[in-house]
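Numbering of the sequence shown is given in my numbering, commencing with residue 83 and proceeding in unit increments.
There is no bait here: all hints are sound.
No farther apart than 20 angstroms at their CA atoms in a straight line, the calculated lysine to any residue pairs in the SDA-like style are these:
1) 209 to 123
2) 224 to 124
3) 224 to 206
What follows is a list of derived Cβ distance ranges for each label pair:
4) 286 to 183: 51 to 57 angstroms
5) 106 to 283: 40 to 46 angstroms
6) 258 to 122: 30 to 36 angstroms
7) 231 to 111: 20 to 26 angstroms
8) 247 to 276: 32 to 38 angstroms
9) 182 to 247: 14 to 20 angstroms
10) 216 to 285: 16 to 22 angstroms
11) 123 to 277: 25 to 31 angstroms
The hints are simulated quantities; they were obtained by calculation from the structure and are not laboratory data.
We put the CB at the ideal spot given by N, CA and C, even for glycine.
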Amino acid sequence: LLASNLAEVIAIFVMTLLGWNILAPIMILWINLVTDTLPAIALGIEPAEKGIMKNKPRGRGASFLSGGVGPAIIWQGILQAVIVLSVYGFALAAPVHPEVHLAHQDALTMAFMTLGLMQMFNAINVKSVYGSMIGPQAFQNKMFNWALLGSVLVMAAVVVIPGLNPLFHVSHLDGYQWAIVLVAGMSIIVIVELVKLIQRSIFKKG
Numbered sequence: 083l084l085a086s087n088l089a090e091v092i093a094i095f096v097m098t099l100l101g102w103n104i105l106a107p108i109m110i111l112w113i114n115l116v117t118d119t120l121p122a123i124a125l126g127i128e129p130a131e132k133g134i135m136k137n138k139p140r141g142r143g144a145s146f147l148s149g150g151v152g153p154a155i156i157w158q159g160i161l162q163a164v165i166v167l168s169v170y171g172f173a174l175a176a177p178v179h180p181e182v183h184l185a186h187q188d189a190l191t192m193a194f195m196t197l198g199l200m201q202m203f204n205a206i207n208v209k210s211v212y213g214s215m216i217g218p219q220a221f222q223n224k225m226f227n228w229a230l231l232g233s234v235l236v237m238a239a240v241v242v243i244p245g246l247n248p249l250f251h252v253s254h255l256d257g258y259q260w261a262i263v264l265v266a267g268m269s270i271i272v273i274v275e276l277v278k279l280i281q282r283s284i285f286k287k288g
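All chains, full assembly: derive it from the sequences and hints.
Shown next as structure tokens:
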């Protein structure tokens, strides 16, 4: 969750510097409500990570950010911000609608959805700092699975349901735009898994 909040701060800061449309307060509030409630609560009853007792114990004065957690929060937060800004920039560079105001609204909507979905998908990654989450171990917590599915549907509802579009300052996306959002959102899983693989390889050699 800290990585997600860092991503929001960086994305809004960079958007402000570049003069881009800033994510509306209601968008940030909605993302935080959707991603910080059900999935976060469900993670609280996540089964213990396999092989955790084989890890070296932390020192008595160690904080919860030790053991690689702190660096992971920072680089994953930066990564999410970069992906969101890339989606926004791409949507502006290759707009579906020729009208400038519609192109900007589409770009903002795609950035909003990418940020929200990516934060929920990243909840799978944070189950383990270094362990892989590809496989059945990622879905052992049934409550988390339902919470994740429900959050994704609620997040998408504000774009899919026309009546909610004006309230959240979003536009209706077509199939092409949704494909970009989904690929960008799920890319956080692929990238983090690759980094974890490299980290495990380094630790094994060391």
